[in-house]
Amino acid sequence: MTAPHILIVDDDEILASLLELTLEIEGYRVSTAHDGEEALVRMAQGGIDLVVLDLVMPKMDGVRFLRVLNEKGEARPPVIVISSTAGNSLSDEFRSLGVVAIARKPVEPAWLVSEIGTALHGGQLLRQ
Amino acid sequence: MRGDDRASLGRCAARRVRQGVYIGWSSDHVAYPLAIRARCAALTFAMARLGTLPFPRLAAARPNWRLLGREQFASILLPVVTVALLAIIHQFGLFRDSDGRLFDRYAVLGSATAPQVVVIERNARFAAMGETGRASLDAALAQQGIARIGYLDQQPPEGAPTGALRIHARLADCVPLGDRWIFTGAPVSTGPRTEVAAGNLAPSEYGIQRGQYLGLPAAGRIVPSFEARLAGIPPSEGEFLVRMPRTQSIPVIPASQIVNGELASTDLEGLVAIVAGRQSLAPTLATSREPDRLAMSPALFRAHAVQTLATGQHVQRAGVWDSWIVLLAAGLALTVAYRRSDPKRMIFQVSLIASVVILLGGLLALELAGRLLPLTALLLAPWIIAVQRMLIRERRQDNRLEQVAARAVQNSVRRSALREGARLPQFVEPAARIAGVSKSLLMELSGTGELALVSGIDASLDDIAMDRAEFGRELRKLRGRQGGFDAASLVPGWDCEARLTWIGGADRNLFWLYAVPPGGRSGKRGQLVRAAASSFRELFRWRADLNARERQEERYLPIDEKVASAIELVSRESDQVRRGFDTIDTAIIIFHLIGSPLHANRAMEELYQEAGLALHETPLVDALVALTTLDVVRIEAMLQELVVRGGEMRLPMRELGPVERILRVAAPDSMARGTDRVIVLEAVDITDLHAAADLRQSVGLFIDLQLRNDLEAILLASDLAANPRLERDRVGPIVARIGEAARRATGRLDEVAELVRGENDDLVEACYPVDARSLVLQTLEKTVGLAEDLDVTIDVQLPAMSGFTIAEPRALADMLEAMIRVVVADTPQGDTVVVKLEEQDTQTQIQVSGGFGIGFGRLVYLLTKGEDQSVGEYRQINRGIARTSKWGGSVSYWGRDARGFGFNVKLRRIG
Chain E
1 MTAPHILIVD DDEILASLLE LTLEIEGYRV STAHDGEEAL VRMAQGGIDL
51 VVLDLVMPKM DGVRFLRVLN EKGEARPPVI VISSTAGNSL SDEFRSLGVV
101 AIARKPVEPA WLVSEIGTAL HGGQLLRQ
Chain Z
1001 MRGDDRASLG RCAARRVRQG VYIGWSSDHV AYPLAIRARC AALTFAMARL
1051 GTLPFPRLAA ARPNWRLLGR EQFASILLPV VTVALLAIIH QFGLFRDSDG
1101 RLFDRYAVLG SATAPQVVVI ERNARFAAMG ETGRASLDAA LAQQGIARIG
1151 YLDQQPPEGA PTGALRIHAR LADCVPLGDR WIFTGAPVST GPRTEVAAGN
1201 LAPSEYGIQR GQYLGLPAAG RIVPSFEARL AGIPPSEGEF LVRMPRTQSI
1251 PVIPASQIVN GELASTDLEG LVAIVAGRQS LAPTLATSRE PDRLAMSPAL
1301 FRAHAVQTLA TGQHVQRAGV WDSWIVLLAA GLALTVAYRR SDPKRMIFQV
1351 SLIASVVILL GGLLALELAG RLLPLTALLL APWIIAVQRM LIRERRQDNR
1401 LEQVAARAVQ NSVRRSALRE GARLPQFVEP AARIAGVSKS LLMELSGTGE
1451 LALVSGIDAS LDDIAMDRAE FGRELRKLRG RQGGFDAASL VPGWDCEARL
1501 TWIGGADRNL FWLYAVPPGG RSGKRGQLVR AAASSFRELF RWRADLNARE
1551 RQEERYLPID EKVASAIELV SRESDQVRRG FDTIDTAIII FHLIGSPLHA
1601 NRAMEELYQE AGLALHETPL VDALVALTTL DVVRIEAMLQ ELVVRGGEMR
1651 LPMRELGPVE RILRVAAPDS MARGTDRVIV LEAVDITDLH AAADLRQSVG
1701 LFIDLQLRND LEAILLASDL AANPRLERDR VGPIVARIGE AARRATGRLD
1751 EVAELVRGEN DDLVEACYPV DARSLVLQTL EKTVGLAEDL DVTIDVQLPA
1801 MSGFTIAEPR ALADMLEAMI RVVVADTPQG DTVVVKLEEQ DTQTQIQVSG
1851 GFGIGFGRLV YLLTKGEDQS VGEYRQINRG IARTSKWGGS VSYWGRDARG
1901 FGFNVKLRRI G
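Chains as they are written, first to last, in this note's numbering: chain E, 1 to 128; chain Z, 1001 to 1911.
Simulated from the structure, these hints should not be mistaken for laboratory data. Predicted model, so just to flag it, every value in this text is computed and none were measured. We put the CB at the ideal spot given by N, CA and C, even for glycine. Accuracy of the hints is not assured; some may be wrong.
Partner residues aside, some chain E positions facing chain Z, computed with beta carbon under 7 Å [stated by the list, open to error]:
hint	residue
1	Leu21
2	Leu40
3	Ser84
So that you can see chain Z by itself, here it is in the shape it has in the complex (with noise of 0.2 Å):
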């Protein structure tokens, strides 16, 4: 086959399909192997453009503008800008005291280390010995080892070098104002051996005093500060702050001690010290130690930053850039992490697991590279990415919810009154005639307190026997009641039991006034009534909340009240359609595009138990395969055709039970483009049509054949008549057969009238002529295989051509049918069973003979057990005994242990 003969039935098929045509695999169809793969391709290709696969190159076949969707690159861009501000904030010193704050808590848990440093302190004695005790001083440290001595609030003492550097601590000004330090009144050098160092002390921290410089800038070089230079550390800019772990000693000793030689020669070796005077030595400073007073002197801050800068322990705070980095760096790595998990149960977990993490790596690089991270913008940092991410979830949640619930509300309502409020109202006089209710009166009260009639059943608003503007006030009251209340005494004229009810509307303020119907309240009409009123009250509500925002009502409907009043909406209207789908005859599933199943109603659910098909778990294919005689190849090409143009196929369906079926497999045509994804597969019960085309050309076939008959005598008669030759006194004769002839034509019709003139409602049951031939041998066939598989022979004695038998064909069949399955199931394995149709001038006699024997009085009590109580095959012929007779025929039957039994069918016959 060419490829132009292809298409070109491809295109025939496609016709078929959308005219509805049954397909029924004629030749052209032979074909189909050959196009099936293209055509599955294009079903792929087909199913994968609608978006219900998830195929790779479904993204290739379409031009991605957008790399990232406006949600996704919002979850990406927010956490940026989030600590892109943080370290803006950070920048501006907002975190600075709480980044030292952690430094502290951390510092003063710290170990202690082993001393480097010692505190002279020139008490009352040191400075009674005057200029001399200085020098001694000076010597005797030197002779301890002590390897730098720095002097607070006093020179050096003059004279020659000891051998130990002196270091004296000057305050450097900025002058003017600004970043440049200069010390004044002194030079930089005051003799050998001995230095200035700026002694500033850097500013405390909102009154804790925790870091110190580690030099000053000054005129071409920079200073190095008083402590950083008794710690040999080479001199650079900035500060650093001062480690004090609580467990952290710093010797005072008197200086007297020292020159008076107090002290063994080498307890002092090696160490740093620090003279300092009781100026230094007060306790003027809040440190990490104790923040909340002032505990501590400037001499031992010195002491312990010493000590912190010898050992290696200071640490300085990140610079600017290294601020940015780290946070963007987390920004980025928390920005993944989220993504990676579910923002609704995962965001406290995460955040926590983040903070833990953030505080390592702070840790790690306060002692392995010295510097304090900012710890607080860190730390905030998950914490407000998470809620922000909750915020956009919430947002997310509710627009999809508002969607999906404008969505479902208005697939559910698409048809139905609720669409448009203002036609809710015609409704209730129609329930009301329904119900019962004699007379009724729907009102209809404005926000003016005016009183309007919406419509009335044998009534007016002048029955009511209240003033009109009272009357509008008391049914104000009643504004959002629910429930009916008695209102006799507003209508006597009415002279029954009345009932007031509000039936709602947020935008109408509707009132129903009815007669309660015959039988009361509490009787069914009554609650009818009720549930009518009911119904109306919740359309009502449903359509106020869900209409809430559309009109921009002053009170804002939080989305999970909308959406639990669409959800009832939708699951009370699904219920409803449900129930009605249940109550149709024809069997209906309905599949989605992928083949999966949707819905079924019960009539399908019936039918699939009866062909032994799972419900919810059969694919349409599949489904398609058990219930007709077709292929899956077959069914898959026919398919593909159906879900890429639209339209409808009809198909045989297999045998199941006595109904006869034919499917009907339909698509939309907007499927294609996506709008809608069903496949509705129904099982139309076609034994009515079945059966009334057998009727009709049965009858037609006797008619046509009969008046044959009769034609022909009366043609034979005339010529006859007209015959010359023939005596005259034979004409008579000949005419009167004439007459005979046309009477019997007559009677035949008369015969058939009634089946012809459709007047016999019950199709199925209608008993009329029927070749018995015919009828015997479909039998037969349906029988054959349990003979085969038995291995029992059937001996068929027919009638070459048989007449016309008066029986219900299907009745007959399913009688026939039975009784040789009874015959054969009791036959022995190569024994042979009989069937036997002849036919008398009057009577048709099927009989079925053979098997092994069963009593006379046990086949009497199966048979006449009564239709309910029968079993099986025995039912069958039971049902077919009774309804023979109505046909005017009869059944006989006969048995004998090992002598076989059978069955005698006598029938009229009648041409």
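Next up, chain E with everything else stripped away, as it sits in the complex (with noise of 0.2 Å):
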């Protein structure tokens, strides 16, 4: 069984590793993108089951992203928005750009990992 692979998108290169080798231990397979820009090339590759996304970014932000990735009509990959503007509720907006959890800035890392197992496998935690 091929374990899915996650987008982490964020301009913040810190964080955007140290997401990268958390979900590498939880069992994912993880790529990186630093903007938004950067993000739809990587999608436009294929293979990508879950996008973690930062919204505030240069060149493209999040919500141009999601934006521009609808605009494509193609199959898109559940969307978890974490961001320090974003607020903890789901908007109708994100909702419909694919966005299945929002959470602001800092999120606990459990949290993190639930929802993805959540959006992926329907709460199943998968390990490796």
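Join the two chains into one complex using the hints; note that each chain is given alone, in its own frame.
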């Protein structure tokens, strides 16, 4: 069984690398991108099962990334938004753009892992 | 909305007003239109109660116990009392002679009437004829057609009557002295067609014979006077005034001529004859014709009296009641006339006109009614009343001036040292220190010549090198002298230039000895000291003048001098207050309760100018409409609350220029009681406050967002480090990441530490992390109107969210606004202007482009002329470019004819 592939999109390099390591320990395959444009390129390559997305980023912010992704009309993976500017409730616009969970930083790693598991397997935690 | 709800709403609003809370017209104010009418009515009533509106119902609202005020009552009563006094004086006869002389002057100018009487002189030739001659005369006169013959000094001849009525003048006496007259020693009638009449002459008035009896009361009847009987007037009591026009002649014919038939038979037809002897023809009377000498005979006077009666021109003096009624009527008429005229400017004219009217009235009464009115009293009345009114007015003016002066002074000095003169000297020492005086002695010389030290700076009375008593005498000579005197020899120990000056005091005698500050008398400090001394002298003098009455000094200070002092003091104080007022940065204007502007400081004048308002002509409501975004109805409703309850309100002010302000409208609590009637409008500059709030919000947000990232990293790293599934060799790099995140957080805190700790004095010009997207959107809002007017589309390209960009938000916004305006204004109708915001890792870029285009050289010229020489938007851009470099940013621009032009602003992005 191939582990799900998660794309982390965050302009904060330290945070992205720590998230990457955390999710790798949890048994996921992880890629990173530091802005929306780079994330779109990675998405175009396919194989992404879930996106962990920051909102405020240079070049292309998270909201625009979601809109562009949505405009392409392709099958899109679920998205979990973790951002300093995000609220804790999920707005209709985010829901329509494929966001399944949203949280304001800092988030507990356990919560994130749990949300990812829920989004990918309906709550079944995946470990290698 | 029920009435209770509205009342509750009113109470809530009132509470907010009292508490000085900003009223922003939240949802509960939606109901205002329903309550406005009632409140406006309440406002109107309140203003009327304050006595500021001349509403008729004001009088009805208060019980009016006195129909007339004290002054009005006096202005009516005094004329009535005056004419009553004049009537009494007239009644005592004090004006009898002057009234008679007035009649004389008028009567002698009258025209002659056809002779009705002739005087027959019993001459010597006639006397020689004896008794025969007398009978012949009687017959001859009857033949001539004489109707009545009067005999003076002699009885009519005895014998048969000749047809004419013969009247014998007999003297009547009062026996005993009283009002009853009797004829002694002779019957009333001495024969057929022969009657006896009273031959008494009325007493002269101060030597002038001008009147005669109509009849005299005798026992049971009235005996006609000789003249009345001759004239055929029915018997009556009283006197009449005899008219003797200069042109009136009475013929005197010798009796011998008549007896001898030397006259034509009809020469005397229808006349009345008075036969008189030498005694009656002797000039023994002074009359109105020649009042200075005895030039008229009693016979001729009687003849004039008969002529007057026969021609119906006799005049009688007005009776007692007539005089009272006429005088009181005149008094009331004069009261009305004076009440309707300005007593100071029209008093002479009104009095003159009244005199002329009185004279004309007197003339009419004389000619039409045959009555001589109390002319002297009537003519005196307007002038006496005029003088009274002048005196009353002067008195009232004095009182009012006294009150006004006292109030003005009270207002002027209420918060100043002048109120308590005893404290004035305390101000000398601080003033001297401020002026740089190193040594000073303020001394007081008592009435007994003793010298006392009031205050001193590094000096004592022992420094004075002169005998104390002698010094006191010298000081006494200086009292009242203006200016200072060289006093270096008095204080040789001071070893510098010194001056001695009297600084005044009516009840105190103060002298100031001081060392001239460095720079000498003509230096700025020296001039300051002299100005201070002069000010003290003025203050003491004003205080002395204004308190003169209170202290009941022996000298009486005329009100005009007191008022002059008050006006001088008030105007000087007002001038100083105005100058001080002008130095206040906050724009302030004071309105009267009715909304008319009273005074504004310079800052408010400039603000009005900026808003296009006329300072002295714009009522409060109009000013608030122009300066805020509220409508008239809301503003009036707010002012209604304010004037009734007092307190203050704060309103957001419409944006005028770069300064942000709020308006504070305040009214004293005592306004409704009518003691204070001002409304103060204050435009408070909140640019600094607003900038500080913006700064704190932005910095707070920056710290919050950035630290959340860092804390997230630390949380993840610490969780990883504790994870047993992590290989041991990977723990080290994880811990290193924690340190890295902590250092980054510290760096971000350091970046804004200066702003957070308030170490930056200039908050308005401080640069800090701002949300570039929000700033661009706000700027676009300001330029949308221009683009719409010019039919230009603005293509806005912004990220959905933006990070933090370092900038001075106001300066950046002003520069961007100017850039957009310049490009929009240059863009052809229907074309598009692009405004684009892009964020890179460490840089934020804002681009404004479009327009027809402008040559690059021309653009460079416009933008590099220097801030002072650039115009309009280019100046703003120029200023912004200069400031951008201070934030670590840069501005570039490009342009080409027909290819458009644009601006590119690059700024530092930090997260």
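Would you list, in rising numerical order, the hints stated earlier that this structure does not obey?
2
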